[in-house]
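Visitor: Chains X and R supply the protein sequences, listed in that same order.
Under our numbering, the first residue of the first sequence is numbered 11, with each subsequent residue one higher.
Under our numbering, the first residue of the second sequence is numbered 11, with each subsequent residue one higher.
Just so you know, these hints were derived from the structure itself, not from any lab.
It should be emphasised that the depicted structure is a prediction, and the values quoted were computed from it without experimental measurement.
Using N, Cα and C, we set each Cβ at its ideal position, and we do this for glycine too.
Don't take every hint at face value.
Unchecked claim - Partial selection, computed: residues in chain X whose CB lies under 10 Å from chain R:
| # | residue |
| --- | --- |
| 1 | S12 |
| 2 | E15 |
| 3 | L17 |
| 4 | S43 |
| 5 | V81 |
| 6 | Q123 |
| 7 | V127 |
| 8 | R128 |
| 9 | L155 |
Unchecked claim - Some chain X residues flagged as far from chain R (calculated, every beta-carbon gap over 10 Å):
| # | residue |
| --- | --- |
| 10 | A13 |
| 11 | V24 |
| 12 | A27 |
| 13 | R29 |
| 14 | D41 |
| 15 | A49 |
| 16 | E50 |
| 17 | A56 |
| 18 | G69 |
| 19 | E121 |
| 20 | E133 |
| 21 | R138 |
| 22 | Q152 |
| 23 | H168 |
| 24 | L176 |
| 25 | A199 |
Protein chains: 2
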Amino acid sequence: MSADESLERQIRFVLEADRLKTVARQSRITDGSRHENSAEHSWHLALMAMALAGHAPPGTDLGRVMAMLVVHDMVEIDAGDLFLYADSAALARQEEAERAAADRIFALLPEPQAAQVRALWDEFEERRTPEARFARALDRLQPMLLNMRTGGGTWVAHDVPLEQVLTKVTLIEDGSASLGRHAREMIAAAVEQGFLGPVAGPPAG
Amino acid sequence: MSADESLERQIRFVLEADRLKTVARQSRITDGSRHENSAEHSWHLALMAMALAGHAPPGTDLGRVMAMLVVHDMVEIDAGDLFLYADSAALARQEEAERAAADRIFALLPEPQAAQVRALWDEFEERRTPEARFARALDRLQPMLLNMRTGGGTWVAHDVPLEQVLTKVTLIEDGSASLGRHAREMIAAAVEQGFLGPVAGPPAG
């Protein structure tokens, strides 16, 4: 492939990426004015990787964490964003759609770059490396921070049971012990403020 | 400072950063539906650093380029975004407002992190290192790509003279010879499509 053709493909990839700015997430931005989109969410996570770098396990390659966070949601250009607390059938369909999207989108890049960026996305999805686990922890922590700032946010809007939120905290603990602790404290505060509570049983009597 | 207090400050910084999602730029996203905001713009630049890494001078530290791009616009939370082709008095006022914003915003972080992130922002502004020059080149190239996809975009909306656009191309050439060449080709195409043209003289007669 000529250098010109290679650059042309890279530019096509960059322009295709622009569409991520139109993918809406469930979370609202902190002023509550609108839903967050997946492009600005990805930026926020990359910034969190810098700000919270000290909470990653020693030896974590933060450059790779940031690179992973920058590309991790690109598949939503085709697959859309699925709410974190969707049911398992919806999650399985989403996984398939995201793999197909990864096949299409990362292949816009010339080789060997296409394979390298795809490998980053696979690494994030597989959650085996400390880098992927820390990146995933940030991806789980960020919507909690937004929920706390927007009167309970998606927890309240979707009436998410406390139990479900707590199962997601293990993903934060897997990536960072100190951020996991912080998430548990935040959830305790959310319960206290009435943003979260166990599912109520049927009324007595 | 205790570990808890340190984390609390980092989280405050992360939440303050969220406001960058509400800072509108002049450029429109590629589907033309709305103006781009500075948070998603910063994400787009970090992605460009990955996709166009091969166009940076050999030895460029791409992790530092990405980190710089992630924080470079944060000062706009206080200072707002100034149009690239504003006059020199407005540019001078903006520079002062951005320095004051950097003083406030990066100091939300605990030390020594505050100084480290501030140093990244200073490095971007000063444009002395290859990393800062490459980052700046991407920051100049990206709105051109959007303009080409949105019928001339800000060039047409603000009737920007060709000469002014060409002076900005030198900033791209400073960071990357091959991206500079690509920008010149793009500008030639923009002239051909009528998106850009020299300022017309007074009508004859």
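Visitor: Could you run down the list of hints and mark each one as holding or not?
Guide: Going down the list of hints, with the structure as the test:
no. : hint : verdict
1   : S12  : 12 Å, violated
2   : E15  : 12 Å, violated
3   : L17  : 6 Å, holds
4   : S43  : 7 Å, holds
5   : V81  : 7 Å, holds
6   : Q123 : 7 Å, holds
7   : V127 : 7 Å, holds
8   : R128 : 12 Å, violated
9   : L155 : 6 Å, holds
10  : A13  : 7 Å, violated
11  : V24  : 5 Å, violated
12  : A27  : 5 Å, violated
13  : R29  : 7 Å, violated
14  : D41  : 6 Å, violated
15  : A49  : 4 Å, violated
16  : E50  : 4 Å, violated
17  : A56  : 5 Å, violated
18  : G69  : 15 Å, holds
19  : E121 : 12 Å, holds
20  : E133 : 14 Å, holds
21  : R138 : 21 Å, holds
22  : Q152 : 8 Å, violated
23  : H168 : 21 Å, holds
24  : L176 : 20 Å, holds
25  : A199 : 12 Å, holds
In this structure, the earlier hints numbered 1, 2, 8, 10, 11, 12, 13, 14, 15, 16, 17, 22 are contradicted, and the remaining ones agree with it.
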